[in-house]
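> Take a look at the letters that make up each chain.
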Amino acid sequence: MCNVLEYKDSKIVYRRYASLFFLAAIDNEDNELLTLEIVHRYVEQMDKAYGNVCELDIIFNFQKAYHILDELLIDGQVQESSKREVLRRVGQADDLENMDEFENILS
Amino acid sequence: MPAQMKGLSQFIADIRNAKAYDEERKRIAVELDNIRRKFQDTKLLGYQKKKYVAKLLYIHILGYTTVHDFWLGASMDLARSATFSEKQMGYLSFSLFLESSNALETILPVLEDLWGDNVDFTTLALQYVATGVADGSAVLEAVYGFLRSPTTVPLVRRNASAALLRIFRDNPELLLANCRSWVPRLVAVLDDADLGVSTSAVSLVSFIVEELPELCENLLPLATRKLSKVVLDPSYVKDEYLYYDIPAPWLSVKLLGLIERYIQYLHFVEGEIDLPSLATLREVVHQTINRSSSPLAGLQSKNAQSAVLFACISLLGYLDPSPEALASATDALLLLLDSPETNTRYLTLDALIKLTSRGGKVAQENTSKQLSVILHLLEDKDISVRRKALDLIYTLTSAATVETVVEHLTKYFHTADYTLRPELAVKIAVLCENFATDAVWYVTTMLRLISVAGTHVSREIWERIIQILVNNLSLQLLAARMVVKYLRDKALSETMTKVGAFVLGEFGHLILDQADEDANLIEGMTAKRCTARVQFDLLYHKYFYCAPNTRAIILSAFLKMYKRHEDLRPLVLDFYELELNSIDIEIQTRAMEYLRVVTLNDDTKHLDLIVGEMPVFVNKVNPLMAGVGTIAQLNAPVSHLRGFGRNRSSSSVLMSHGNGSTGLVFQGAGGLVLQSSEASTIRRPSFAARNGSSASSPGPEPKKPVLSPNWQEGYFRSLHFDQGILYENTLLRITYRITKKNHVLGFQLTYKNKTTHADITGLTATLRSGTSTTQPAYVIELVTAPSSDIAQSEKTDHRFNVVLRSTGLSNVEQPTLLLSFMCGAFTSLKVKLPVLLLRALTAAPLAYSNFLTRWAQVGAMGASGEAVLQFKTSLAYPTISLRRILARMGFAIIDETEYQQPEDVSQELILGTGILHTLQGNFGVLMFLEARAEGREFTLRIRCTAPDVALILAETIVSLLEFGA
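Taken in sequence, the protein lines are chains A and B. In terms of UniProt numbering, the first sequence opens at residue 1 and continues consecutively. In terms of UniProt numbering, the second sequence opens at residue 1 and continues consecutively.
Be aware that one or more of the hints could be misleading.
With a straight-line cut-off of 16 Å between C-alpha atoms, the simulated EDC-like cross-links for lysine to aspartate or glutamate are [stated by the list, open to error]:
1. B:Lys6 <-> A:Asp47
2. A:Lys8 <-> A:Glu29
3. B:Lys830 <-> B:Glu813
4. A:Lys83 <-> A:Asp47
5. A:Lys48 <-> B:Glu240
6. B:Lys872 <-> B:Glu962
7. B:Lys6 <-> A:Glu29
8. B:Lys754 <-> B:Glu781
9. B:Lys741 <-> B:Glu781
10. A:Lys83 <-> B:Asp245
11. B:Lys411 <-> B:Asp438
12. A:Lys48 <-> A:Asp30
13. A:Lys11 <-> B:Asp350
14. B:Lys752 <-> B:Glu781
15. B:Lys872 <-> B:Asp789
16. B:Lys381 <-> B:Asp338
17. B:Lys38 <-> B:Asp69
18. B:Lys381 <-> B:Glu403
19. A:Lys8 <-> A:Asp30
20. A:Lys48 <-> A:Asp75
21. A:Lys83 <-> B:Asp239
22. A:Lys83 <-> B:Glu240
23. B:Lys754 <-> B:Asp722
24. A:Lys83 <-> B:Asp194
Source of the hints: derived by calculation from the structure; they are not laboratory data.
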């Protein structure tokens with residue numbers, strides 16, 4: 001199946017991973033293939049960040065999924081296509097959180 | 001991974017375990033109640049606030065979007081917390097819960113975080129601004145500051161770029177207010193060494209190009225260079241930016257899109273792509289197309305590679321491609337058509353549509369070779385592919401292929417998807433109308449289309465056919481005959497009946513004498529001729545199978561028949577009487593009205609008034625174009641080009657309305673040609689509309705650049721010295737060398753990095769011609785472009801030639817040199833270059849006696865050959881230095897021993913002669929300078945054999961002497 005649907009003035013690009021669907025609505029002049037690959041990159045990075053990601057990971061830790069997305073895409077624009085950089089940012093956030101918790105416990 | 005928030009996990013688990021909707025709702029209600037109570041506790045810990053806000057968010061994500069007001073306080077506390085995860089939750093809740101209208105106070109934590117020194121917090125704040133929820137205009141300067149400062153870490157710059165984009169999008173007036181100084185700097189961020197920053201900046205610059213393309217002069221060289229590094233230099237892109245095997249595909253595609261958009265703008269203002277950029281872009285496109293044939297492993301690589309390929313091919317159309325380049329591009333695409341990947345087939349078709357509509361004939365013909373393959377794709381298993389294939393076929397069709405294509409498409413109709421059919425019908429109709437060379441063919445095909453497509457034919461199509469029939473006498477008889485044939489068919493679509501009723505009503509009388517070949521085949525029909533009675537019966541038999549609106553048309557047709565054929569009158573009257581009882585009010589009304597009209601008087605006066613001959617349609621709009629579907633949405637230059645193409649091809653079919661007309665004519669009402677060129681003017685709004693408005697508004701005026709401070713010294717020096725320093729600041733020195741060769745001035749500019757501590761990177765040098773574009777007085781030809789990077793104490797050369805074409809070069813048309821580069825911070829320079837008529841002067845020694853003779857000869861030319869200027873200077877010029885200056889300008893100074901100096905010793909005479917070289921021809925120049933008051937007061941007389949040149953030369957000399965040489 002083609003992963004692109006023209007809908008009104010936009011295009012819907014979707015991709016399915018097991019039981020999960022990822023959808024992106026893009027403008028007509030946007031590049032469909034690369035949108036598909038953004039979805040793929042997002043999934044890859046969630047996979048790394050969560051460690052073998054599954055649907056439940058995303059549900060129970062949705063704020064992290066948002067964080068990864070914010071590093072990758074902001075306001076519909078690709079921000080950072082580097083694998084490492086996004087993961088580094090998300091990992092850093094985890095470290096910070098751990099550190100904060102540690103401090104909370106000590107105080 | 002950090003520990004979970006247990007309460008949150010439990011809550012999510014509860015909801016997931018809910019068996020029914022009601023149970024879920026109850027659980028949520030309980031939780032909301034709980035949270036509301038908790039938030040009343042002022043001693044709540046940060047962690048607890050985070051947990052409860054997270055629960056609220058989860059409820060929100062589930063679709064319970066009712067706005068609660070009790071969370072804002074807690075979220076504010078979270079956003080101002082010193083703990084990262086709490087702050088993150090705070091901002092996340094703002095961006096999900098809030099509408100921009102009530103996000104006013106959320107800017108407070110943003111302000112704190114932007115000014116604070118915690119990079120992670122700054123990043124969160126910037127990301128929040130980039131969501132556009134909070135009003136970012138309050139933090140505009142700070143955000144811009146991050147992007148501008150070279151010391152900001154890439155992470156922050158990247159997010160600042162996104163935030164700035166969002167602020168500008170929401171408040172375009174902020175961009176306008178700051179554009180002059182900001183835009184060149186923002187464009188320069190494209191070349192940031194960090195590819196993440198670069199990627200983010202492309203989006204921002206793309207927005208600026210839509211708004212203020214005239215200020216993005218440094219864009220093309222910068223973007224092109226970045227693109228070529230990414231695409232062509234295998235060592236430039238680090239591993240982490242490789243997407244599978246493809247270097248930074250997002251950056252490449254976005255850059256290509258940006259470049260394409262900017263070139264569209266250049267075309268629009270009739271500017272030109274500078275040659276080095278053009279060459280680089282062609283190389284990038286060429287290499288990408290070549291690479292596309294090499295097989296890659298893995299879907300991801302292929303997708304990314306194809307994405308870059310499609311973007312390149314889309315750009316190719318704007319690069320004045322050679323026929324070979326176009327052919328190789330179409331070939332590369334055609335190869336991809338039988339890819340097993342549906343997405344690839346789909347996008348290949350899309351790319352082919354763009355290429356064929358922009359690439360003109362070559363691309364079209366080359367693609368047409370594979371017409372059968374493309375026609376075959378109409379049977380593809382995927383609907384999106386089928387739709388695109390149809391679009392491509394539509395753009396490909398030419399007069400040569402129209403018959404094959406239409407034949408195929410008409411047959412295809414039966415198997416086509418229901419959703420595709422209306423569009424298909426419109427496309428067939430438009431193609432027929434555009435390319436038909438044969439009237440019989442046109443009518444046959446269109447009627448066949450209506451019979452085949454039946455109810456899928458939109459109102460516009462059959463109305464259009466009627467317009468064309470009414471406007472073209474030669475088609476009417478044929479149409480009437482064919483309609484009779486179709487009406488014999490029992491299983492006829494109503495659309496056909498509508499057309500049939502109209503045609504027989506209007507033109508039925510034309511075929512009364514025609515033999516009715518099929519008559520004996522049909523039961524109950526005995527007439528050998530197509531008499532009025534036969535026509536009446538045909539419609540009458542259809543009448544009761546039709547819907548009211550078709551019946552109404554038939555009723556009207558009968559009225560027309562009534563007028564023409566007396567023998568039908570009783571029949572028609574009976575019929576109308578019958579329909580007085582119709583249950584449809586419209587039919588009943590019509591029957592009543594018609595009956596009254598024909599029985600009102602004995603004569604037919606009223607009838608004649610009402611049922612006159614159908615007037616010619618003068619409406620210029622072709623109703624079909626609205627239905628052409630996605631094709632009509634293709635961007636401006638495309639439809640523009642297509643408009644031109646069609647214009648030519650359809651001109652052969654255009655002819656005026658009239659009885660004596662022979663040959664083929666569709667004087668369609670207006671016609672497609674007009675329509676599509678109108679569409680093209682409407683379709684280019686973003687540049688055109690603004691161009692119009694900027695003329696009247698006090699917006700930025702690109703024509704008068706503000707020059708860099710202290711530009712004059714170098715400029716005036718360059719008016720008489722052939723080499724020296726043109727400009728200098730603390731970072732850079734520009735030296736020049738000018739060589740004259742007849743009408744060609746050779747320029748060599750050398751840019752030297754004066755610093756000993758920093759490299760200059762991302763240098764772009766743009767020469768902007770100041771002469772008119774239609775009749776340029778000079779043309780600049782680039783010889784060698786400077787390199788973009790200059791190491792410490794190193795230099796680079798920039799060579800170009802200026803060809804003087806005519807003497808009509810006034811003193812305000814000099815070209816400007818725009819330099820921009822990064823050296824620590826972004827710097828840009830603008831200086832004028834000495835391209836003036838005076839610079840084309842070379843010495844031509846003349847004896848004094850000859851000088852006098854020529855002086856008198858040229859004087860006979862009248863006022864246009866002479867200029868006399870009196871002026872004073874603050875600086876005193878000794879005679880000897882005056883002579884040197886004038887000699888350097890290109891005059892041969894007559895030896896003062898040859899003539900008598902005036903008796904008054906305070907006066908000095910200097911005489912000089914020279915030849916002015918232009919492509920237009922060479923002209924003699926005579927100069928007569930009288931210096932008084934110890935070289936402070938002057939009278940300058942110039943005479944020149946070319947008209948209107950003397951004054952220009954004189955003014956240049958005066959300006960130099962007044963400035964101080």
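> Decide, hint by hint, whether the structure agrees.
Status of the hints after comparison with the structure:
1. B:Lys6 <-> A:Asp47: 23 Å, violated
2. A:Lys8 <-> A:Glu29: 14 Å, holds
3. B:Lys830 <-> B:Glu813: 15 Å, holds
4. A:Lys83 <-> A:Asp47: 12 Å, holds
5. A:Lys48 <-> B:Glu240: 14 Å, holds
6. B:Lys872 <-> B:Glu962: Given that 16 Å is the threshold and the Cα spacing comes to 7 Å, the pair holds.
7. B:Lys6 <-> A:Glu29: 45 Å, violated
8. B:Lys754 <-> B:Glu781: 28 Å, violated
9. B:Lys741 <-> B:Glu781: 14 Å, holds
10. A:Lys83 <-> B:Asp245: Roughly 13 Å separates the two Cα atoms, so the pair holds.
11. B:Lys411 <-> B:Asp438: Violated, at roughly 20 Å.
12. A:Lys48 <-> A:Asp30: Given that 16 Å is the threshold and the Cα spacing comes to 27 Å, the pair is violated.
13. A:Lys11 <-> B:Asp350: 13 Å, holds
14. B:Lys752 <-> B:Glu781: Distance of about 22 Å is beyond 16 Å: violated.
15. B:Lys872 <-> B:Asp789: Roughly 46 Å separates the two Cα atoms, so the pair is violated.
16. B:Lys381 <-> B:Asp338: 13 Å, holds
17. B:Lys38 <-> B:Asp69: Answer holds: Lys38 (chain B) to Asp69 (chain B) is near 14 Å, not above 16 Å.
18. B:Lys381 <-> B:Glu403: 26 Å, violated
19. A:Lys8 <-> A:Asp30: 15 Å, holds
20. A:Lys48 <-> A:Asp75: This hinted pair is violated, its Cα atoms lying about 23 Å apart.
21. A:Lys83 <-> B:Asp239: It holds: about 9 Å lies between the C-alpha atoms, which stays within 16 Å.
22. A:Lys83 <-> B:Glu240: At roughly 6 Å apart (the allowed maximum being 16 Å), Glu240 (chain B) and Lys83 (chain A) satisfy the hint.
23. B:Lys754 <-> B:Asp722: 22 Å, violated
24. A:Lys83 <-> B:Asp194: 14 Å, holds
Hint violations for this structure: numbers 1, 7, 8, 11, 12, 14, 15, 18, 20 and 23, all remaining hints satisfied.
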